[in-house]
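Note that the protein sequences, when read in sequence, are chains A and B.
If you read the first sequence in our numbering, its first letter stands for residue 643, the second for the next number, and so on.
If you read the second sequence in our numbering, its first letter stands for residue 642, the second for the next number, and so on.
Since the hints were derived computationally from the structure, they do not count as laboratory data.
Since the structure is predicted, the reported quantities are computational estimates derived from the model, not experimental observations.
Be careful, since some hints might not be right.
Below, computed lysine to any residue pairings styled on SDA-like, alpha-carbon distance capped at 20 Å [what the hints assert, rightly or not]:
1. B:K814 - A:E831
2. A:K720 - B:A679
3. B:K700 - B:E821
4. A:K717 - B:T681
5. B:K722 - A:E747
6. B:K759 - B:Q732
The residues making up each chain are set out below.
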Amino acid sequence: MKEHKAIQSIFVISFTLAIVGYTLTQSLFRDTETSSTSQFVVGTLDMDVLAPNGSAAESISVTNFGTADSLSGSKTWKITNVGSLPGELSMSILNLVNNENDCNEPESLVDTTCADPGADLGELGAVITASVFLDDGAHPDPVVVSNLATASQDNFALQWATNAGKVLLPAGDSIEVQLVWSSDANAFENEIQSDSVIFDVVFDLAQVPV
Amino acid sequence: MLFTRIKQAARLVLVTAVILLFSQATDADLLDREEVVANTVRATTLDFSNRDTANETGKSLFFSVHGLIPTGFQVESVRIKNEGELPVTYQLSVSQTAGDVALCNALQVRVLSDWDTKYTGGVLEASFETTVPHTGSSDLVFALSLDDTSTSLTNMTCAFNIMIASATVVQGKTVFFSDEEVLQNQVATGVWSIGE
């Protein structure tokens, strides 16, 4: 019973104080200004990946690896931040697959996986060294060196993070990323005949943390 | 009891909010991803086979001559068919595998490649090089003969292989793939006498 009375007293006192406080703190003069042009604008984060001459970006396409003039080559992509916000560029490789394809007679004599040709049984990627270069002069070149064996897929993102870190790309700026591939002629024989390696090159531009 | 649980939940929310605030884990709200897809590197192929010139079935046994006598000869043919994507420049050579050296040295051969004479002389010294385009074939015709009338060559045998191997350097450029095919041969002489 006493508790009820105490609670009622507290409620009454609080209500009274609220009424009194509201009355005492009311301002007698009042002015209101409206800023009608205020707006919130969300910045944009967007990049273009093109060839260095501005034409559409091309994928790497080598169909005659194994001839004298096909053991090395390169492809350069120009990354431009066309948004309004600065971004941090990173690169990775996804969907890296080594295909055995068919086995002809010379290959079948030396390739133990010919009996079960299929995805990820090809030997080509393991004999190709891929290097990634940045043209900004601020990072060690190459920033990535790895073969193209299927198990090496994650090397690209990891080495980029280790050696290039967060590559700042301010709005409007560009940077060229070059992927160079090469192979030692002594590193392979008939076991790579008709093998193929396929992969996607992925560029991510992330918003710079504020 | 209920009040205690509400207090615990409030503390948890407070701690989580502070962690998220300082970790900046939610800062990268915007992300753009561009992909250059289906980059492909494919190795080419170098492969050829020995085929019968009549029906293009596989062929590895070539001359099988019995009772060869002086002035006697036999003709065999083989089609070198390019099964790969690269043009093939091959070198032909011969090596004795068994039998009598004197008979092997006495055997003569004339080789025509696409009806052009490529070699005439002792069979063991036969050697020449030719190219097969990547979609084509090369027809070889061999005429094996014995000109030596020495009776010391009677009742002898000679076994030899004709090896057709892809060249490792073609027009100054190294070829990194290789292939080799072998044609096996057996020759046995008959019996004769001088003046017969």
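Hints, one by one, checked against the model:
1. Taking the CA atoms of B:K814 and A:E831, the gap is near 16 Å; set against the 20 Å cutoff, the hint holds.
2. Distance restraint check for A:K720 and B:A679: the Cα-Cα separation of roughly 18 Å lies within the 20 Å cut-off, and the hinted pair is therefore satisfied.
3. This hinted pair checks out: B:K700 and B:E821 have alpha carbons roughly 13 Å apart, not beyond 20 Å.
4. Of the supplied pair hints, the one linking A:K717 and B:T681 holds, its CA atoms being roughly 12 Å apart against a limit of 20 Å.
5. Proximity of B:K722 to A:E747 is assessed by CA-CA distance (about 13 Å); at most 20 Å being required, the pair is judged to hold.
6. Pair hint B:K759 plus B:Q732 holds up; C-alpha atoms about 12 Å apart against a cutoff of 20 Å.
Consistency note: the structure conflicts with none of the earlier hints.
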